[in-house]
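Participant: Given next are the chains, with one letter for each unit.
2 protein chains.
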Amino acid sequence: MQNVSHEQIRLTGGFWREYQELNRKAIVKNVYDRFAETGRFAALKCNWREEMPNKPHIFWDSDVVKWMEGAAYLLLEEKDAELEALVDGMVADIAANQCADGYFNSYFIAVEPAKRFSGRRNHELYCLGHMIEAAIAYDKATGKRTLLDVVLRYTDLVYRVFIEEDSAKFVTPGHEEIELALLKLYAYLGEEKHLTLARFFLDRRGCNDRDEDFGNVQDERPLRELEEASGHAVRAGYLYTAMAMLARIDGDAEMKQACDRLFSDIVNRKMSITGGIGSDHKSERFSYAYDLPNSDTYNETCAAISLALFASAMQELSPDPVYADVIERVLYNGFLSGVALDGGSFFYTNPLEIDRKKYQRSTYQPICERVKVFTCSCCPPNVVRMLPSIARFAYTQDGDTLYCNQFMQGKVSLRIGGKDATLEQITDYPNDGRITFRYRGEPMTLCVRIPDWCVEYTGRTEGGYARFALKDGDSVCVELPMQVHFIEANPNVQDDAGRYAVQRGPLVYCLEEVDNGGNLRDVTLLEQSEIRVERLAGIPAPVLSIGAERRYESDRLYRLKDGRRMSFTARLIPYFAFANRGASDMLVWTMVR
Amino acid sequence: MQNVSHEQIRLTGGFWREYQELNRKAIVKNVYDRFAETGRFAALKCNWREEMPNKPHIFWDSDVVKWMEGAAYLLLEEKDAELEALVDGMVADIAANQCADGYFNSYFIAVEPAKRFSGRRNHELYCLGHMIEAAIAYDKATGKRTLLDVVLRYTDLVYRVFIEEDSAKFVTPGHEEIELALLKLYAYLGEEKHLTLARFFLDRRGCNDRDEDFGNVQDERPLRELEEASGHAVRAGYLYTAMAMLARIDGDAEMKQACDRLFSDIVNRKMSITGGIGSDHKSERFSYAYDLPNSDTYNETCAAISLALFASAMQELSPDPVYADVIERVLYNGFLSGVALDGGSFFYTNPLEIDRKKYQRSTYQPICERVKVFTCSCCPPNVVRMLPSIARFAYTQDGDTLYCNQFMQGKVSLRIGGKDATLEQITDYPNDGRITFRYRGEPMTLCVRIPDWCVEYTGRTEGGYARFALKDGDSVCVELPMQVHFIEANPNVQDDAGRYAVQRGPLVYCLEEVDNGGNLRDVTLLEQSEIRVERLAGIPAPVLSIGAERRYESDRLYRLKDGRRMSFTARLIPYFAFANRGASDMLVWTMVR
Chain A
1 MQNVSHEQIR
11 LTGGFWREYQ
21 ELNRKAIVKN
31 VYDRFAETGR
41 FAALKCNWRE
51 EMPNKPHIFW
61 DSDVVKWMEG
71 AAYLLLEEKD
81 AELEALVDGM
91 VADIAANQCA
101 DGYFNSYFIA
111 VEPAKRFSGR
121 RNHELYCLGH
131 MIEAAIAYDK
141 ATGKRTLLDV
151 VLRYTDLVYR
161 VFIEEDSAKF
171 VTPGHEEIEL
181 ALLKLYAYLG
191 EEKHLTLARF
201 FLDRRGCNDR
211 DEDFGNVQDE
221 RPLRELEEAS
231 GHAVRAGYLY
241 TAMAMLARID
251 GDAEMKQACD
261 RLFSDIVNRK
271 MSITGGIGSD
281 HKSERFSYAY
291 DLPNSDTYNE
301 TCAAISLALF
311 ASAMQELSPD
321 PVYADVIERV
331 LYNGFLSGVA
341 LDGGSFFYTN
351 PLEIDRKKYQ
361 RSTYQPICER
371 VKVFTCSCCP
381 PNVVRMLPSI
391 ARFAYTQDGD
401 TLYCNQFMQG
411 KVSLRIGGKD
421 ATLEQITDYP
431 NDGRITFRYR
441 GEPMTLCVRI
451 PDWCVEYTGR
461 TEGGYARFAL
471 KDGDSVCVEL
481 PMQVHFIEAN
491 PNVQDDAGRY
501 AVQRGPLVYC
511 LEEVDNGGNL
521 RDVTLLEQSE
531 IRVERLAGIP
541 APVLSIGAER
551 RYESDRLYRL
561 KDGRRMSFTA
571 RLIPYFAFAN
581 RGASDMLVWT
591 MVR
Chain B
1001 MQNVSHEQIR
1011 LTGGFWREYQ
1021 ELNRKAIVKN
1031 VYDRFAETGR
1041 FAALKCNWRE
1051 EMPNKPHIFW
1061 DSDVVKWMEG
1071 AAYLLLEEKD
1081 AELEALVDGM
1091 VADIAANQCA
1101 DGYFNSYFIA
1111 VEPAKRFSGR
1121 RNHELYCLGH
1131 MIEAAIAYDK
1141 ATGKRTLLDV
1151 VLRYTDLVYR
1161 VFIEEDSAKF
1171 VTPGHEEIEL
1181 ALLKLYAYLG
1191 EEKHLTLARF
1201 FLDRRGCNDR
1211 DEDFGNVQDE
1221 RPLRELEEAS
1231 GHAVRAGYLY
1241 TAMAMLARID
1251 GDAEMKQACD
1261 RLFSDIVNRK
1271 MSITGGIGSD
1281 HKSERFSYAY
1291 DLPNSDTYNE
1301 TCAAISLALF
1311 ASAMQELSPD
1321 PVYADVIERV
1331 LYNGFLSGVA
1341 LDGGSFFYTN
1351 PLEIDRKKYQ
1361 RSTYQPICER
1371 VKVFTCSCCP
1381 PNVVRMLPSI
1391 ARFAYTQDGD
1401 TLYCNQFMQG
1411 KVSLRIGGKD
1421 ATLEQITDYP
1431 NDGRITFRYR
1441 GEPMTLCVRI
1451 PDWCVEYTGR
1461 TEGGYARFAL
1471 KDGDSVCVEL
1481 PMQVHFIEAN
1491 PNVQDDAGRY
1501 AVQRGPLVYC
1511 LEEVDNGGNL
1521 RDVTLLEQSE
1531 IRVERLAGIP
1541 APVLSIGAER
1551 RYESDRLYRL
1561 KDGRRMSFTA
1571 RLIPYFAFAN
1581 RGASDMLVWT
1591 MVR
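Going down the list, the protein sequences come from chains A and B.
Just so you know, we're using my numbering here: the first sequence kicks off at 1 and counts up by one.
Just so you know, we're using my numbering here: the second sequence kicks off at 1001 and counts up by one.
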């Protein structure tokens, strides 16, 4: 069982295609400009000296190569000489400055050459991991091996230093990512050495005496014994992804069980309704079970991405729609909120409530409007590489059975019964729930996920999928009724008690002050009112109008419980679209009567 | 119009008398022992040298003299040779170490003699203020003038330094208190100089160039122009008290209007339902209007006391029951919660919600169980001096009209029509609402406050009081129906939206985990259920049993809104009694259906 690569899929229209076009038109360019201004690309020349501006950072290479990976996906889809020349220039800089022994990190080469591999917190292997992913994408897109050669030489060095010589100051990296990248490299080139190195980092984690435990890095025990998702959420998500990938490659049942426990712990106890994870802002980490604050949650955009990657690796292990349900929740909510509707600015953290007054005096002050670039700017280029490869989540193939996990209009090229086949998906999802498939090819089985939110679906399902036997020329249509649902959180979630989230299809909704006035926490939505599903200029998905009420203003601070209410029509917009119309308070969890 | 001094009132039984006995038996002794252990009394000898343990603090004198003031009130009520000897010893130490020019502060004499009056943050005048109050009480209780002589000499020095020589590094004190103390001293001795000095500190505040503004001390403009309560809440409360006292002495209408604005701002926008003030834990200060968090509010015990003092000074300016309503709210809730039921431990901050799990990861972690002594231990001795003088809040006299503001069983000695008179109050308040008065003396008018919470009172009232013409031998009885009320906060209070507080009489109630299990925020009280008012061993006021419901446990993190509920009987205890049965989560603001 294997996810169908996004290279086999071309999106032809609809929701995600529009975001891909926004990416090509705006996001890629905007992130490039911000990175250029801050010296991130110049740093690849490794010639920074004291007194010069834009001192490199230990993680800058990862920002740059994630952008390059995204650019490569664009090149793969469509020639763009100008863009290609930009990427070629960066590759040339990296290749020119790679050390004789294979090492490359623009910070350590230019700033602290003696400190190479001396600190577990230094992100070198994290940067290499992302560089491996970029190298594969660049090689596929352009046929140019330069960057792949660089990472192969660097990976050889890492193999020598960490396995053969055991000469680094640490055994496993402080920021995981290289593990999943090595497994991707193994899948791409088939070299056993890369599998061995990935396995080494995974096997030695949490069971050696040399790794400094800085409390945030999934070190508490050997990975196969992990019971709970813990620590820095982005690191955790990347690590768990690699664990699931290795479990599949090795048929490692113990590792798979650990992944099952971790996945279940996240999605049943530690995930915001938007798919955001890592609610503890103090260390960007998972908090204890059911601790899901709204206004001061962290929910880093990269963490949402890492959860989608983990779920995607899990769906290659077993055909359970729960993985695609989680991916869908992430993509349409906590991931997409990370980028502005004009593609020019980004959220690092993605709160579920904004009370701007409170932030003035709070010890934690999340940003309430997206910004163009961060000091630690991992999220924007992660968006750049995710959008052009978003179709990676759409399908999983198991022989002649194809699972359709995500609904994105487009055409997928397959091999079925040893022959080329194509499946076309036509849909306006998530605006409506009609999905049509047209098939050309040898007989196959199409399993269409019926999402967990679609409780009104009345067709026959098996294990959460609607199954169709398709032969050449067949069309099938699935209709997913899109009712507006009021969702409650587990009673153990203290912050959501007495409150409900509004969801339509995969979209979680929110109230914004700009539409509804202030005091959002005092709004009660009326369950029995007529709910209108409408379009609003500038918002790329339906908005909802729901009958609502709020209390009258009062001069008194305390008074007897008073039932009188003022009626109004509340407007709810998709969560991902919040904070696009100026500074505004916002609320997801609302009272409902 | 003047408050009747507690020296004219002897409580003879009931709620507050029991607390006075607890104070005499336990609190005074416990605070003494903790202060002795930490070297606070020894510091009065002013012989601390480097390398010795228990280095004095700049504010230690204030802790000690507040304890002395409380002890003097006990001596005033009843001879106690052992207690008097203790206080005499302290007075002797202070007198022996007073500087030749009159200065006394055990820290600056022993540790930094050169720094005298050099820093506005140094609490010297704050300590002197409390010493003045202690000296008056000691003089009254024992007839010994020693401490009064000390403070008179010290006050002369302050007058010289601050007014005549203008030689201190600051003009007005960083921590107010001396202003109200000087006005008390003026009332006690009638010396114009003390009034002049008090007026100086009040008039110069907020309008001189020499006071360092450290952002927390009511410096934003001249006092008569203040619009909003701001800054450190204890300091504010003491200052506003002095402002109201001066307005009365001087008939200063402008000052009175400022006091009216400040009082209204506090009680209509910045006061917890428990009477706690200063909700911003970052600087122990007033936050912006309606910012009244529950689990991370500050609400210092001393701030509650300072609000009662301010309201008490206001009720000498005009016969409006709102002042007594606020005093009652403070005394039975946010003040009394500051001391454990066994008198052995104290709260500095008084939250309205405890979620112990959340505190583990929160940036702000209030204590969840009372402790025996604090590094900055201003609150425990403040309790020691408030309890024996609690009757100070009970009555205000205006010629032959007596206002009964607070309900406390006891006997008050008065002068009516030029002759001695006595009024006896018999009540089991707040357990029930029946209050009987028996009068001996010349004809007078008794105005009994009908509390704001008592909406069911059907008797005739004038301006919030029930009026009775009494002559010698008369008895009257007032019955205040004590229904259980569900109270809502102003819609602008974000933290209380959709939630209600339960109040019976003056007592605000809370749910504790020890009675109701965890997940308190998920409890919904049923308004229409039968409510039982019961006694519980060890809790000195009625507890309530109210029908309630909560959700069933669930494995799912998110699910469709589900109306099924589990019924149970919730037990609510008076807020002041929370945290007396081990560590427990607690909640004031509850859902109600």
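In short, the hints are calculated from the structure, not lab data.
Remember, predicted model here, so these are calculated numbers, not experimental data.
Treat each hint with caution, since some may be false.
[To be verified] Result set (DMTMM-like, lysine to aspartate or glutamate): computed pairs, CA atoms no more than 20 angstroms apart in a straight line:
(1) B/Lys1561 - A/Glu527
(2) A/Lys561 - B/Glu1549
(3) A/Lys357 - B/Glu1228
(4) B/Lys1357 - A/Asp93
(5) A/Lys358 - B/Asp1398
(6) B/Lys1561 - A/Glu456
(7) B/Lys1471 - B/Glu1527
(8) A/Lys140 - A/Glu84
(9) A/Lys144 - A/Asp93
[To be verified] Take a look, some chain A residues computed to stay more than 12 angstroms from chain B by CB distance:
(10) Tyr188
(11) Arg204
(12) Asp342
(13) Thr375
(14) Ser389
(15) Lys411
(16) Thr445
(17) Gly518
[To be verified] Computed far set for chain B versus chain A, every beta-carbon distance over 12 angstroms:
(18) Lys1079
(19) Ala1096
(20) Asp1280
Where is the CB? At the ideal position from N, CA and C, for every residue including glycine.
Participant: Identify every previously stated hint that the structure contradicts and give their numbers, smallest first.
Facilitator: 4, 5, 7, 17 and 20
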